[in-house]
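Protein chains: 2
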Amino acid sequence: MDKINIGKTAFINPMPVVIAGTHSNEKPNFMAVGWISSVNLNPPLIAIGIGSHRCTAKGIEESGEFSICVPDASLLEKTDYVGVVSGNKVDKSGVFDLFYGELKKAPMIRECPICMECRLYQTVKLPTHTMFIGEIMGTYTEEKYLTDGKPNLTKINPFTLTMPDNNYWSMGDPIGKAWNIGLKLKQK
Amino acid sequence: MDKINIGKTAFINPMPVVIAGTHSNEKPNFMAVGWISSVNLNPPLIAIGIGSHRCTAKGIEESGEFSICVPDASLLEKTDYVGVVSGNKVDKSGVFDLFYGELKKAPMIRECPICMECRLYQTVKLPTHTMFIGEIMGTYTEEKYLTDGKPNLTKINPFTLTMPDNNYWSMGDPIGKAWNIGLKLKQK
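Heads up: the protein sequence lines correspond to chains A and B, in order.
In terms of our numbering, the first sequence opens at residue 1 and continues consecutively.
In terms of our numbering, the second sequence opens at residue 1 and continues consecutively.
Read the hints as simulated data drawn from the structure, not as lab findings.
Please note that a few of the clues may not be correct.
Because identical chains cannot be distinguished in the list, a pair is counted as satisfied if it fits within a single copy or across any two copies.
Said to hold, decoys possible - Derived DSS-like pairs (lysine-lysine); straight-line CA-CA distance at most 30 Å:
{"no.": "1", "residue 1": "Lys184", "residue 2": "Lys150"}
{"no.": "2", "residue 1": "Lys89", "residue 2": "Lys125"}
{"no.": "3", "residue 1": "Lys184", "residue 2": "Lys8"}
{"no.": "4", "residue 1": "Lys155", "residue 2": "Lys125"}
{"no.": "5", "residue 1": "Lys58", "residue 2": "Lys27"}
{"no.": "6", "residue 1": "Lys8", "residue 2": "Lys186"}
{"no.": "7", "residue 1": "Lys125", "residue 2": "Lys3"}
{"no.": "8", "residue 1": "Lys104", "residue 2": "Lys144"}
{"no.": "9", "residue 1": "Lys144", "residue 2": "Lys125"}
{"no.": "10", "residue 1": "Lys89", "residue 2": "Lys155"}
{"no.": "11", "residue 1": "Lys58", "residue 2": "Lys150"}
{"no.": "12", "residue 1": "Lys125", "residue 2": "Lys104"}
{"no.": "13", "residue 1": "Lys186", "residue 2": "Lys89"}
{"no.": "14", "residue 1": "Lys89", "residue 2": "Lys150"}
{"no.": "15", "residue 1": "Lys104", "residue 2": "Lys89"}
{"no.": "16", "residue 1": "Lys177", "residue 2": "Lys104"}
{"no.": "17", "residue 1": "Lys125", "residue 2": "Lys27"}
{"no.": "18", "residue 1": "Lys125", "residue 2": "Lys8"}
{"no.": "19", "residue 1": "Lys89", "residue 2": "Lys8"}
Start from the sequences, fold in the hints, and give me the full structure.
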């Protein structure tokens, strides 16, 4: 066999990059997160995996609320910054221009094309990380990011993260319609 | 405020695209999955969100094992195909060339650049979907996908999925080093 076993290497790439926000020590705090996924359709639930010792983890546990904002490529440096400095040491409440929706402890970032406010739905403790499952209570954007009322990926211009090489990447080109391009194999 | 609330819209984009494999009805079965994330560092745990009624969900529950394979763009049509046809109706065991590692019910796809075999670690039941958390027991690739012994993203050439527009996308260009490019803001 030409396959080689390279050990227990997680390779889930490329990852979406979001900024999780919550209140920690009674102040808005933010952290870059690549471990995020939708996990339920109705109600819309998303899950994020965060190191259990992180300031953001404690903040979500205490407040029961958090935000998920999708940065565009122009926010690359700030996004990385809130991922590398700890809210326990640095006040990150002034890094972005903030706004709130219905939840009072889910600070959202005005500069981000898409922001979601989430209520903590379930907490799953794992050995080194905690998975926070949040219910999306509202999704905020601006007209300029929509086409026919729907989010337009090209206008939003998100970026991705890959590990273990630790690179950020721009999005490429559309290469096919999902739940569609495979139908041509159905007859074969 | 220029922000508008577009309702409870999950926008976690772009998503990685993988193929989850397991044994369903005693045969290898596969399904395209975009709802996937790492969730724990040590041991390496990944989570996938799958509709609870899906054949793959039943298969993972019964076998306690599954695989996660990362397709490259040349497998776009086959990946979409195993996402649109149900294993309850169609035998998908012959779509790919298969191999196994240590686990007997985690069929992996020879055509995929990266494959992981997982043991079911924890199951989280949600209203419409089930989150399967798997521990990675082995990761398989080929020399041609490595540079200095590490997975090379450009050689692997994975693709992404976005919703709700339902498009597949190629990867773009590297735009910065993670846990690094933000450090320049630390002094400001």
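Results of checking the hints against the structure:
no., hint, result
1, Lys184 to Lys150, "within (27 Å within a copy, 35 Å between copies)"
2, Lys89 to Lys125, "within (24 Å within a copy, 37 Å between copies)"
3, Lys184 to Lys8, "neither (36 Å within a copy, 33 Å between copies)"
4, Lys155 to Lys125, "neither (37 Å within a copy, 35 Å between copies)"
5, Lys58 to Lys27, "within (13 Å within a copy, 44 Å between copies)"
6, Lys8 to Lys186, "neither (35 Å within a copy, 34 Å between copies)"
7, Lys125 to Lys3, "neither (34 Å within a copy, 34 Å between copies)"
8, Lys104 to Lys144, "within (26 Å within a copy, 51 Å between copies)"
9, Lys144 to Lys125, "neither (39 Å within a copy, 37 Å between copies)"
10, Lys89 to Lys155, "neither (35 Å within a copy, 39 Å between copies)"
11, Lys58 to Lys150, "neither (34 Å within a copy, 34 Å between copies)"
12, Lys125 to Lys104, "both (25 Å within a copy, 28 Å between copies)"
13, Lys186 to Lys89, "between (56 Å within a copy, 12 Å between copies)"
14, Lys89 to Lys150, "neither (39 Å within a copy, 33 Å between copies)"
15, Lys104 to Lys89, "within (23 Å within a copy, 48 Å between copies)"
16, Lys177 to Lys104, "neither (38 Å within a copy, 34 Å between copies)"
17, Lys125 to Lys27, "within (24 Å within a copy, 33 Å between copies)"
18, Lys125 to Lys8, "both (21 Å within a copy, 26 Å between copies)"
19, Lys89 to Lys8, "neither (33 Å within a copy, 34 Å between copies)"
The structure fails to meet hints 3, 4, 6, 7, 9, 10, 11, 14, 16 and 19 from the earlier list, while all remaining hints are met.
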